[in-house]
Amino acid sequence: MGVVQTKEARPAVPRGSGPWRRLFSREGPTAVVLLLPSLIVVFGIIIYPLLKTLYTSFFAVDSAFPGHYPFVGLGNYAHVLRTGEFWDAVGHTAYFTVLTTFLEVFFGLLIGLLLNTDLKGRWLFRSIVILPWALPTIVNGAMWRWIFNADYGALNALLTQLHIISHYKAWLGDPWTALNMVAVADIWKNTPLAAFFILAALQTIPGDLYEAARVDGAGRLRSFFSITLPLLMPTIVIILVLRTMEAFKVFDIIYVMTGGGPANGTETVAYYTYVEAFSNQLFGEGAALAYIIAIFILFFAIIYMRMLQRGEVEY
Amino acid sequence: MGYRVFIHAAAVVVAVTVLAPFAWLLISSIAAPADLLSRPLHWIPAHPSLSRYENVLFNPQNGSAATFRAGMRNSAIVAASSVAISLGVGIFGAYAFARLRFRFRRAILLLFLSTYMLPPIALVISLYLTMARLHLLDTRLGLILVYCSFITPFVLWIMSGYFQSIPRELEDAARIDGCTRIGALFRVILPLARSGILATALFGFLLAWDEFLYALIFTSSLNSKTIPVAIAEFTGRHTVNFGMQATGGILASLPPLAIAFVFQRYLVGGLASGAVKG
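Taken in order, these protein sequences are the chains called A and B.
Start counting the first sequence at 1; every next residue gets the next number (the working numbering).
Start counting the second sequence at 1; every next residue gets the next number (the working numbering).
Source of the hints: derived by calculation from the structure; they are not laboratory data.
One should not assume that every hint holds.
A few chain B residues facing chain A, derived, Cβ under 10 angstroms [to be verified]:
1. Leu19
2. Ser38
3. Ala252
The following residues of chain A were derived to be distant from chain B, with all beta-carbon distances above 10 angstroms [to be verified]:
4. Ala170
5. Gly173
6. Ala213
Virtual Cβ for every residue (Gly too), placed ideally from N, Cα, C.
Work out the full structure, taking the sequences as your base and the hints as a guide.
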């Protein structure tokens with residue numbers, strides 16, 4: 001019986017009388033019970049530490065002076081923003097973020113298109129392409145560090161054996177090259193994710209669009225630019241935003257490949273924060289730095305969620 | 001015709017670019033040190049041997065080997081436990097977001113989503129100070145709790161999208177047959193969501209297995225040091241002993257690579273639809 005009735009069987013949400021009735025609609029109590037465990041986790045280990053970091057950022061918490069933490073207001077922020085090393089780190093982070101995000105989307109697009117063709121052995125190709133993404137970041141960093149090794153590295157060996165270079169180069173030895181080499185390792189690892197996002201989007205494009213374009217006499221290139229690319233745009237923008245957030249907080253690959261060196265040339269904002277807070281034990285200043293990063297990332301998170309909302313029906 | 005040749009050639013180029021570093025990692029783990037340190041470099045080892053794997057897996061004397069072993073064990077325990085807790089907690093919250101109408105639903109959902117995107121560095125300082133006070137530094141329990149801070153929001157996010165994809169009618173039918181909402185959740189929705197739960201669990205496991213910053217700061221001994229920390233320390237200390245580093249790296253990569261290889265369609269499909277549709 002009654003499947004037809006379902007719509008009518010759900011009575012309208014009753015108009016609330018007291019404030020609590022308005023706060024929680026008819027389903028409110030059930031929702032509270034179901035949400036309570038998540039709320040405890042989110043408030044206990046995310047919101048509370050986040051607020052405590054904010055609090056810490058207003059004090060000069062320095063392990064050199066235990067028990068004496070004077071209130072400095074925005075002093076930590078002001079100090080950080082006046083430090084040259086911070087702005088250098090911002091520069092490295094911005095360069096790294098733009099370079100890796102752009103190239104990951106670019107190569108991801110090419111590989112995504114390739115994965116979507118009627119390639120022979122497509123299953124195997126797809127399985128191969130995903131592998132770098134699954135490789136733990138630290139293993140990836142350690143692997144590339146060895147490949148770029150100045151004395152025994154595979155890159156030097158390969159390039160000299162192919163007579164492309166005549167002398168072994170210290171790839172991680174000068175700041176500018178090192179930053180680009182870290183970017184190479186990051187691009188190698190993260191391109192697959194972009195490729196698979198784009199593949200997923202490509203598979204939702206109906207084939208008759210291309211059919212119609214062909215009837216109208218459009219070539220492959222023409223249909224790519226007038227059909228595929230516009231329809232991929234939302235996905236591409238989402239990858240750009242997600243990757244930007246990830247790249248901006250990059251830490252582990254830097255730690256294992258260069259340790260921020262040489263001459264702080266690969267120090268990113270997250271790495272600089274780590275050094276200030278945990279090597280130099282300046283927790284107050286570290287907290288201020290952490291907040292600067294968090295605010296920046298939250299800005300991108302808001303953009304991202306705005307975009308999700310636009311695409312939604314249900315919410 | 002030319003087009004087909006072109007796409008196959010392109011696929012070969014991509015496959016080689018992807019596989020070459022892996023191949024070198026694998027070769028380095030079985031090559032003799034002399035082969036790795038020779039000039040010109042010997043690409044194919046003269047005397048391949050699995051002795052390093054034997055060393056890492058079984059040798060009780062070797063300090064680095066013991067660290068790798070402990071790291072694998074700690075990583076497995078921490079990742080599995082934090083995923084189990086996060087799923088237990090997050091599934092119900094995700095269901096509430098997907099199906100129930102309540103005040104501030106949208107605001108709370110956005111709050112949860114934005115916490116997933118927070119940089120760990122924003123939490124790590126005060127978590128460190130708190131854990132030091134609670135004597136949870138260098139314990140697996142401490143690390144498990146901290147890992148819930150990024151896996152629980154992830155579960156909420158992905159699972160609420162997944163629950164929305166399950167037709168409402170199935171649940172309504174069960175409720176007309178006398179199930180309560182919670183009863184319908186357990187009897188109808190959760191069994192239907194099995195594959196989504198599995199994908200979420202696997203992905204959460206990968207996230208935890210890969211995590212580095214928290215583990216670096218909160219762990220210091222074999223009690224709790226995870227495998228990424230063990231590898232990073234080894235890499236910093238023994239740059240030239242790449243054979244051992246490669247062996248540890250291969251072993252550390254086996255669980256995530258196996259998961260990605262077997263469940264690739266499923267993982268990436270779920271992730272992509274989750275990230276694009278929310």
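Results of checking the hints against the structure:
1. Leu19: holds, 6 angstroms
2. Ser38: Holds - the Cβ of Ser38/B comes within 10 angstroms of chain A, reaching about 8 angstroms at its closest.
3. Ala252: holds, 6 angstroms
4. Ala170: The claim holds: Ala170/A sits with its nearest Cβ about 13 angstroms from chain B, beyond 10 angstroms.
5. Gly173: Non-interface label on Gly173/A holds, nearest chain B Cβ at 13 angstroms vs cutoff 10 angstroms.
6. Ala213: At about 16 angstroms from chain B, Ala213/A clears the 10 angstroms cut-off, so the statement holds.
Violated hints: none; the structure is consistent with every hint.
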